[in-house]
Amino acid sequence: MKEIILGFITSFFVVLLATPSLIKVAKMKRLVDEPTEDRKHHVSSVPTIGGIIIFAASIFAYALWFPWDNMGYYGSPELFSESVKEFKFLIAAAILIFFIGVKDDIIGVAPVKKLVGHIMVGFILVMMADFRITSLHGVFGVEELPYYGSVMLSIFTYVVVVNAFNLIDGSDGLAAGIGFISSCFFGVWFYTSYQFELSLLAFVLAGSLGAFLIFNFSPARIFMGDSGSLFIGAFTFAMALKCIETDTSVLPTLVKGISAPIFTMAVLAYPLIDTLRVFALRLSRGLSPFAADRNHIHHSLIDKGFSHAQTALVLYAISIILPLLSLLFTNQNPTIAFFGMFVVSVAVVHVVFLFRIQKPRNFASSAE
Numbered sequence: 218m219k220e221i222i223l224g225f226i227t228s229f230f231v232v233l234l235a236t237p238s239l240i241k242v243a244k245m246k247r248l249v250d251e252p253t254e255d256r257k258h259h260v261s262s263v264p265t266i267g268g269i270i271i272f273a274a275s276i277f278a279y280a281l282w283f284p285w286d287n288m289g290y291y292g293s294p295e296l297f298s299e300s301v302k303e304f305k306f307l308i309a310a311a312i313l314i315f316f317i318g319v320k321d322d323i324i325g326v327a328p329v330k331k332l333v334g335h336i337m338v339g340f341i342l343v344m345m346a347d348f349r350i351t352s353l354h355g356v357f358g359v360e361e362l363p364y365y366g367s368v369m370l371s372i373f374t375y376v377v378v379v380n381a382f383n384l385i386d387g388s389d390g391l392a393a394g395i396g397f398i399s400s401c402f403f404g405v406w407f408y409t410s411y412q413f414e415l416s417l418l419a420f421v422l423a424g425s426l427g428a429f430l431i432f433n434f435s436p437a438r439i440f441m442g443d444s445g446s447l448f449i450g451a452f453t454f455a456m457a458l459k460c461i462e463t464d465t466s467v468l469p470t471l472v473k474g475i476s477a478p479i480f481t482m483a484v485l486a487y488p489l490i491d492t493l494r495v496f497a498l499r500l501s502r503g504l505s506p507f508a509a510d511r512n513h514i515h516h517s518l519i520d521k522g523f524s525h526a527q528t529a530l531v532l533y534a535i536s537i538i539l540p541l542l543s544l545l546f547t548n549q550n551p552t553i554a555f556f557g558m559f560v561v562s563v564a565v566v567h568v569v570f571l572f573r574i575q576k577p578r579n580f581a582s583s584a585e
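Under the numbering used here, the first residue of the sequence shown carries the number 218, and numbering increases by one thereafter.
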């Protein structure tokens, strides 16, 4: 518990203290995003390299407080060896995806090269670190997955989760806030299931994002860029797969009957539904699913009169409510619970479209 608290505090204060200097350097070097496209809402140049400090603080705090010499965390040398192996390959994958993001933020990366980079990161995490979905825990009647089926599903999940966080990074404070909330839920899950090294990972990321939100919440003084969103996506993928693989029999009595895949889906419901929605809309119009547009949920809310701050707060609330609603499906048939949680998630996410905020003309125009 001590290491988890210290990890959160360390990453939080590294970001808090270093970000003002990073903003100054980014402006001096013109590493900024200009409001030149219709789908962008900021009206002045904003630094885009905030991912650098999120990455640095998270890796530093995780390595500093990782329980290298506390066998009591693991219970056996085998589990300790497995955790060290996961740590090693997770850091390697994080460094690779971070540098892909940095290059994309500064000079751009060709889609083919970015795809190759994602394949390499996915290979490291799935094949080398063995972050795999080995069972669906009864969802669709499927228990254990064959090895190659597990590998393919896990790599597909990696691509989806990483791109989901990259795609929601389009409004002040949104990706950072959703990442913070997701990390906190995963951190509590891992702590209650005695996976303390994973709880440390989750709260280290939460600490970095919590401090970054101070500078990234509307009006944003810095953006995380691809270096931040891709890094968050990669760490979140690792946590999501470990959450799915949890032995739920060790959970507290209140939540012991919950399905790990259902809880994971609920935690990531907003970014996953937003990604599914925009891909479906683009394909229905004959466009590439990766073509940039203004069809994201956060764009729709802003067009309905919500400010950036209001948009972020509404979507934060949804991201908190959905994991709590997953408790309603405790001790249910896994397949029924899956479809029930999916329907509830889609309904909750889309209920915000029923609202519209009227603003004075001069205020609305200044917020665009």
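Hints were generated in silico from the structure; no laboratory data involved. Treat the hints with care, as some may be off.
Claimed, not checked - Capping the alpha-carbon separation at 25 Å, the derived lysine to any residue pairs in SDA-like fashion look like this:
#, residue 1, residue 2
1, K521, N550
2, K521, R494
3, K473, E462
4, K305, K241
5, K219, W285
6, K219, K320
7, K320, M245
8, K320, S262
9, K219, P237
10, K219, R502
11, K219, P294
12, K241, R438
13, K521, L544
Said to hold, decoys possible - Pairwise CB distance ranges, derived in the manner of DEER restraints:
#, residue 1, residue 2, range
14, V242, T470, 43 to 53 Å
15, T552, R502, 26 to 36 Å
16, F559, A235, 32 to 42 Å
17, R438, R511, 42 to 52 Å
Predicted, not measured: the structure shown is a model, and the values here were computed from it. Here a beta-carbon is modelled for each residue, glycine too, at the ideal position from N, C-alpha and C.
Taking the hints in turn, this is what the structure says about them:
For a cut-off of 25 Å, the pair hint linking K521 to N550 is broken: about 39 Å separates their Cα positions. For the hint linking K521 to R494, the alpha-carbon distance of about 18 Å falls within 25 Å, and the restraint holds. A C-alpha spacing of about 14 Å is found between K473 and E462, which places the hinted pair at or below 25 Å, so the restraint holds. Restraint check for K305 and K241: the C-alpha separation of about 33 Å exceeds 25 Å, so the hint is violated.
For the proposed pair K219 and W285, the alpha carbon gap of about 14 Å is at most 25 Å, so the pair holds. A threshold of 25 Å between alpha carbons decides the hint, and for K219 with K320 the separation of about 36 Å lies outside it, so the pair is violated. A C-alpha spacing of about 18 Å is found between K320 and M245, which places the hinted pair at or below 25 Å, so the restraint holds. For the suggested pair K320 and S262, the alpha carbons sit about 19 Å apart, so the restraint of at most 25 Å is met.
Between K219 and P237 the CA atoms are separated by roughly 29 Å; this puts the pair beyond 25 Å, and the hint is violated. In summary, the hint linking K219 to R502 is not supported, as the alpha carbons are separated by about 53 Å, beyond the 25 Å threshold. For the given pair, K219 sits about 22 Å from P294 by alpha-carbon distance, which is consistent with the 25 Å threshold. Restraint check for K241 and R438: the C-alpha separation of about 10 Å stays at or below 25 Å, so the hint holds.
For the hint pairing K521 with L544, the CA-to-CA distance comes to about 32 Å; that exceeds 25 Å, so the pair is violated. Roughly 51 Å separates the CB atoms of V242 and T470, a value that falls within the hinted 43 to 53 Å. Checked against the hint of 26 to 36 Å, the pair T552 and R502 passes, with Cβ atoms roughly 33 Å apart. Against the hinted window of 32 to 42 Å, the Cβ-Cβ separation of F559 and A235 comes to about 40 Å, which satisfies the hint.
The beta-carbon spacing between R438 and R511, approximately 24 Å, falls outside the hinted interval of 42 to 52 Å.
In terms of the numbered hints stated before, the structure departs from hints 1, 4, 6, 9, 10, 13, 17, listed from lowest to highest.
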